[in-house]
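Novice: Okay, here's what each chain looks like letter by letter:
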Amino acid sequence: MAVENPICECCSIRPAKLVVVRRRRDDTYRTFVCCECAEELTRVYVKNGLDLDGMVLGMDRGAGSDTAYSCRLCGTTLADIVVGGRPGCCACYGKFGGEIENAIKVAQGHTLHMGKTPER
Amino acid sequence: MNPLESNIPDWLKGDGPDSDVVISTRARLARSLAEFPFPSRASGEDLTMIVSEVRQALSGLAEKFPGIELASVDKLSDEVKSFLLDAHLASVEQIIGGKGRAIVLEPRGRLSIMINEEDHLRLQIILSGLVCEEAWEMVDWADDVLAQKLAYGFSNTYGYLTASLSNVGTGLRVSAMMHLAAMRLTRKLNEQLRAAYDLGVSVRGVFGEGTQSFGDLFQVSNEVTLGLNEREIVERVRSVTAYLLAQERLARKELLSRHRTSILNDAAKSLKTLQTSMRVAPQQAFTLMSSLRLATALGFVENGSGALMNELLAGMRASTELSMRVGSRDDTGAGIERAKLLRNKLRSLYINEG
Ligand SMILES: [Zn+2]
Ligand SMILES: [Zn+2]
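The listed protein sequences derive, respectively, from chains X and V.
The letter at position 13 of the first sequence is residue 14 when you use this note's numbering, and the numbering goes up by one with no holes.
The letter at position 102 of the second sequence is residue 282 when you use this note's numbering, and the numbering goes up by one with no holes.
Just so you know, not all the hints are guaranteed correct.
[What the hints assert, rightly or not] Straight-line distance between alpha carbons at most 25 angstroms, and here's what the computed DSS-like set of lysine-lysine pairs gives: (1) X:Lys106 - X:Lys117; (2) V:Lys449 - X:Lys117; (3) V:Lys525 - V:Lys452; (4) X:Lys117 - V:Lys193; (5) V:Lys193 - V:Lys520; (6) V:Lys449 - V:Lys520.
[Said to hold, decoys possible] Beta-carbon label-pair distances, calculated as ranges: (7) V:Leu379 - X:Glu120: 42 to 48 angstroms; (8) V:Ser335 - X:Ser13: 28 to 34 angstroms; (9) V:Ser437 - X:Ser13: 53 to 59 angstroms; (10) X:Met115 - V:Ser223: 32 to 38 angstroms; (11) X:Arg73 - V:Ser485: 53 to 59 angstroms; (12) X:His111 - V:Gly224: 32 to 38 angstroms; (13) V:Lys255 - X:Gly76: 29 to 35 angstroms.
Since the hints were made in silico from the structure, they are not lab data.
Note that the Cβ used here is the ideal one computed from N, Cα and C, for glycine as well.
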């Protein structure tokens, strides 16, 4: 299942190459933009003092169709996770280590579990 | 399935500590089973197997939750479904999700487990009043019992693995539902909610967006599930809720001493409208019930119990939400039914000027 890059949400002309992730309170906003608009958007955010978490993640255009970049158990691709913020199964967390860690950092501001462990 | 032994779950009864302001406390854990894809990616066969694995793990829970039972959502009647929504025992997504979803309930409605909602398991404890520690301890116990039989998805770095990155870690969401009517009337709400945000919790309208909450019902809950342990999460939510509780009490005192007549007047108008209307829209019901619940808490309403006020204010949320979510569905029929219910339930109430 190939994931096509969406059209830029700012200019609606060029294909989106980047997703700008902005975290506010408990919501995470993702804006899909082309490189030109990303630059402009970042400038606007920074100028207005908005708490852009500094996250501009590149979307791998080939990731959607490349099996090397999809989870063996559930078929989720890197693009799915970067774009949607949703892994498809527990194995995804291992498969996409670095990218998942970045995405968790964006969503929560932390990456380290401090709580209980399952008692078996 | 006959969901509960009484027609009302324990949490709506209004007998918990501080339940004049804090209607309920909820502790929810998101858990996954390591070897299955998350529900949105799972096949029908997977979903069936997940339900049967959970079913086999349930027996240990009967020790503290006698009468616990599992039901497939697609076998429930519409009546039971809307009851589960009203009682906050299942989400709209779970109810309309279709085949392969199940729910576990106990007769008092304290513990419920949604199977194959966003995550494989969502364990929830919901209790009356401000009781964050108790709610956590109960859900923690149920979690330990299930963990002996189920292979949870867990990583030493990230903790419990969930379908959404915003729940990974402890998977714990602790929340308190508060009725902050006096803070709104005394115009202290926005300032205090901002103060609460700064303390690392989220406060949002139970129904509606942000501070535009219908019925003055707000939910305080932890923002993150990583970087803190469960006790710290519980304490954070408890302390902010306790702070807002104190503020609401102050605001109620101020209303009593300085705006007594206008509170009485509002309550009398609200009650009369509710007792005589042939049709009530959702937003209107929330507004009128909020005014009446406040007046009841202040001792101005005869024959009105806390349980009744909770049921009619907080317990009507879900079916209203459903009718709004389904969108195109006309609210006319529901509005007539709602008015009938309100007229019946509030028939014997009257305002006592004290
Ligand atoms: Zn553009
Ligand atoms: Zn996967």
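Novice: Assess, step by step, whether the Cα of V:Lys449 is no farther than 25 angstroms from the Cα of V:Lys520, and give holds or violated.
Specialist: 18 angstroms, holds
Novice: Given the proposed pairing of V:Lys193 with V:Lys520, does the C-alpha separation stay at or below 25 angstroms?
Specialist: Answer holds: V:Lys193 to V:Lys520 is near 22 angstroms, not above 25 angstroms.
Novice: If you check the beta carbons of X:Arg73 and V:Ser485, does the distance land in 53 to 59 angstroms?
Specialist: Given range 53 to 59 angstroms: holds, Cβ gap about 57 angstroms.
Novice: Can the suggested window of 32 to 38 angstroms be confirmed for the beta-carbon pair X:Met115 and V:Ser223?
Specialist: Between X:Met115 and V:Ser223, where Cβ atoms are some 35 angstroms apart, the hint holds.
Novice: Is it true that V:Ser335 and X:Ser13 lie within 28 to 34 angstroms of each other by Cβ?
Specialist: Check failed, 40 angstroms falls outside 28 to 34 angstroms.
Novice: Range first: 29 to 35 angstroms. Now tell me if the beta carbons of V:Lys255 and X:Gly76 are that far apart.
Specialist: 30 angstroms, holds
Novice: Quick check on a hinted range of 53 to 59 angstroms for V:Ser437 and X:Ser13, using CB atoms only.
Specialist: This hint holds: roughly 58 angstroms between Cβ atoms.
Novice: Verify the proposed pairing of X:Lys117 with V:Lys193, using a straight-line Cα cut of 25 angstroms.
Specialist: 32 angstroms, violated
Novice: Going straight from one Cα to the other, do V:Lys525 and V:Lys452 come out at no more than 25 angstroms?
Specialist: 13 angstroms, holds
Novice: Taking the CB of V:Leu379 and the CB of X:Glu120, does the distance hold inside 42 to 48 angstroms?
Specialist: Once the Cβ atoms are compared, 32 angstroms apart, the range 42 to 48 angstroms for X:Glu120 and V:Leu379 is violated.
Novice: Taking 25 angstroms as the top limit, are the C-alpha atoms of V:Lys449 and X:Lys117 close enough?
Specialist: 52 angstroms, violated
Novice: Taking only the CA atoms, is the gap from X:Lys106 to X:Lys117 under or equal to 25 angstroms?
Specialist: Holds - the C-alpha atoms of X:Lys117 and X:Lys106 are around 20 angstroms apart, at most 25 angstroms.
The structure fails hints 2, 4, 7 and 8 (numbered hints given earlier, in ascending order).
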